[in-house]
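Order-wise, the sequence lines are chains L and D.
In case it helps, numbering that gives the first Met the number 0 puts the first sequence at residues 0 to 190.
In case it helps, numbering that gives the first Met the number 0 puts the second sequence at residues 0 to 287.
Please keep in mind that the hints were generated in silico from the structure rather than gathered at the bench.
Every residue, glycine too, gets a C-beta built ideally from N, C-alpha and C.
Mixed in with the good hints there might be a few duds.
Footprint (simulated), chain L over chain D, 3 or more residues, beta carbon under 8 Å [unchecked claim]:
(1) 90-100
(2) 150-164
Over 12 Å on every C-beta distance to chain D, these chain L residues come out as not near it, computed from the model [to be verified]:
(3) Asp-43
(4) Arg-60
(5) Arg-93
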Amino acid sequence: MQRPTNDAQLLMLLQADADAGLRAAMQAYAPLLKSICGRVLPHDPQDAEECMADAFVALWRHAAALAGGQVPLRAWLAVTARNAAINRYHRLCRTGTVPLDDGLAETLGELAEFDRTATDKEDAVGALVAAMAPPDRDIFLRRYYLLQPCREIAAALGMTENTVHVRLSRGRERLRRALTHQEATDHAKNL
Amino acid sequence: MPKTCDKDLLAALDALPLEEDAAPLAGDEFERVLARALAGVGAACPQTQQGGKPMKKKKLFAAALAAAAACLCLGAAAAGWLLSPREVAAQVGLDALAAAFDAPDAITVNETQTDAGYDITLLGLTTAENLSGYWSRSWGELTPGRTYAALAIRPSDGTPMGALDDPDNAFANEGLAVGPLIEGEAPIDCNPMMMHTAWHGTVVDGTYYMVVECDTVAPFADRTVYLMVQQGMFPNFSTYTLDAATGAIRTDPAATEGINVLFTLPLDAALADPAQAAALLEQWRAPA
């Protein structure tokens, strides 16, 4: 099979030839996954590599399901790698083999807070973030799903770091209000 | 739950320009990650095991490819690349149970039902002695064997699930109620909550795996024994209907928001023991 030129071909190749498919997937997406895993595990390059590899193994496992779905591969891999790296980070923290990163801990704490607020079974936070207007949506996605530092986000979006902080802070407050309103609405519907 | 909004979010994430992530991996780094990924692919197939001896790295690399090719040829049986019941037991830390899933009387099922956006697969079941150390004061004189079932649950659209300590995991907080129902017995009176049921779960590669164990249901093998899987910490038994004429139990998946399915356990009818079944029913229904 020829080198894949799109995700559909890549998923077909993965199912037909694991070696060639993984090589092609890594050529296309390893840089993105490396940057995500590296942000969570900056002091543990070996762990970051293992998380990347785990994400590609997961891609191979799910290739058939992904080929039949509408999920964008790049984003799926990014979230898979993020989750793998966060899980590894938590495990390393528990065993005391990695120093607690204050900045990352703050980010993960904010993530957990959103999810605790979103008690509904639906992924309310995800839906609200997806519905945000730019540039807030980009800022939130970069910060909480790609775990980019505010400095990098500011550089990518052409704004000051302080602006990124302010928009994140205001956005979090809007999300809280929206989630609280949604909870109240759902409660009223159930009365 | 794999919801539309998840796809919306992934689509928004996909649309982000990330030019700053364009630096390729160095050659040796690329090969290390690739070798590890291929080893992971090989580990998904039991063919990589050679008499339990660890393979040397070069052999592992070649074997990983061979195993991947072998798995790819298995077709529907291996579709989705789920762990085997033995592997699930090992992953949740029940090594003795892992061996029991290899016993001759262990039953491979691999039946998948889809509900509420999830694929729920009953991988297999086995009956054995108490292998997990579960203990109940209400067992009294009767200390029956245990029935163990291995299941896999994953979003139908391939979205990976987070680990159990990850708030993204739909089952981390609300849980799943899994266990047997028995033909002819009203679910409200005879259900997993009475059968000394315990659950062991983990997430591997974005798939939630669990082992459920309860007092043996093999003595009921002359009846239909079901396995209920219902989302939520506290199951709603009113969603099940018992046909008074036939004793059959049915559920309407659409009646609940989350997962609500019934599997039929393919028990060996030769194991039926009406006397022990009656004793078990009496014990399960005895006041605590």
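Comparing the hints with the structure gives:
no.: 1; hint: 90-100; result: violated (count 0)
no.: 2; hint: 150-164; result: holds (count 8)
no.: 3; hint: Asp-43; result: 14 Å, holds
no.: 4; hint: Arg-60; result: 4 Å, violated
no.: 5; hint: Arg-93; result: 9 Å, violated
Of the numbered hints given earlier, the model fails hints 1, 4 and 5; all others are met.
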